[in-house]
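Engineer: Sequence:
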Amino acid sequence: MADLDLNLSGMSILVTERHQQMRGIVCDILRQFGVQKVAPAAAVSDAFGYFAEHGADLIISDWSPEVDALDFVRRVRHDPLSKDFYAPFIVITAFCDSQRVYLARDAGIHEFLAKPFAAQHLFFRIRSIIEQPRLFIRLADFFGPDRRRRRMVWNGPERREHANRTNTDRRTKNIPVHPDRRGLKVVDSRQEQRSSITSKDRAA
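Residue 13 in the numbering used here sits at position 13 of the sequence shown, with consecutive numbering throughout.
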């Protein structure tokens with residue numbers, strides 16, 4: 001078991017997994033992490049329906065022939081009914097060749113986790129999302145977290161539009177600014193709450 005050095009008790013996590021046994025395992029692991037609100041779903045349609053109504057601080061989805069995680073993340077990022085276009089998204093799959101990793105990344109996921117996995121591997125992915133938040137990039141054919149993980153010094157002009165750079169910078173304030181359905185720029189207060197909920201709670 002991972003060293004639980006983060007307080008995740010206030011998070012709400014949506015888990016999409018077709019197989020009941022595996023779905024139960026993932027949910028049990030999250031509860032062992034201290035997460036109190038875990039919503040399970042067996043299909044993308046049910047998961048997105050829940051997300052559109054209730055939202056979630058984090059989405060974890062299987063990617064298999066029965067569960068199209070890429071369709072799910074695209075709906076989260078682009079569907080007008082989406083509760084949060086910026087919701088962190090982790091894909092879990094037994095198909096982990098490099099081509100699938102690239103496809104998932106280009107669809108707008110945050111983290112990729114190969115089956116089988118240990119509980120600590122899932123915890124490390126969650127911690128990475130919390131402690132190393134990435135700016136969102138909006139291009140003609142892409143909207144999602146910045147795919148460049150390395151911090152590089154660049155003195156030239158920035159050619160990518162940072163979708164949540166206006167007024168606030170997620171790297172420093174962890175509060176995204178995104179367009180609502182009327183095309184206005186608004187601050188997502190739920191993200192501010194999430195930042196407070198999931199901040200480091202180191203043991204004395």
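A hint or two may mislead.
Simulated restraints on C-beta separations [claimed, not checked]: (1) Asp-79 to Arg-147: 29 to 37 Å; (2) Gln-32 to Leu-139: 35 to 43 Å; (3) Gly-55 to Ala-118: 25 to 33 Å; (4) Asp-141 to Ala-118: 16 to 24 Å; (5) Gln-21 to Ala-140: 40 to 48 Å; (6) Leu-135 to His-19: 16 to 24 Å.
Don't read these hints as lab results, they were simulated from the structure. Heads up, the beta-carbon is just placed ideally off N, CA and C, and yes, glycines get one too.
Engineer: Taking 16 to 24 Å as the hint, is the beta-carbon distance of Leu-135 and His-19 inside that range?
Structural biologist: Taking Cβ atoms as reference, Leu-135 and His-19 lie about 35 Å apart, which means the hint is violated.
Engineer: Within 35 to 43 Å or not, the Cβ separation of Gln-32 and Leu-139?
Structural biologist: Holds, since Gln-32 and Leu-139 (Cβ atoms, about 39 Å apart) stay within the stated range.
Engineer: Determine whether the Cβ-Cβ distance between Gln-21 and Ala-140 falls within the hinted range of 40 to 48 Å.
Structural biologist: Once the Cβ atoms are compared, 42 Å apart, the range 40 to 48 Å for Ala-140 and Gln-21 holds.
Engineer: Holds or violated: 29 to 37 Å for the Cβ distance of Asp-79 and Arg-147?
Structural biologist: 21 Å, violated
Engineer: Do the Cβ positions of Asp-141 and Ala-118 conform to the proposed distance bound of 16 to 24 Å?
Structural biologist: 35 Å, violated
Engineer: Is the hinted range of 25 to 33 Å satisfied by the C-beta distance from Gly-55 to Ala-118?
Structural biologist: Cβ of Gly-55 to Cβ of Ala-118: about 29 Å, so the range 25 to 33 Å holds.
Violation of the numbered hints given earlier is confined to hints 1, 4 and 6; the remaining hints are satisfied by the structure.
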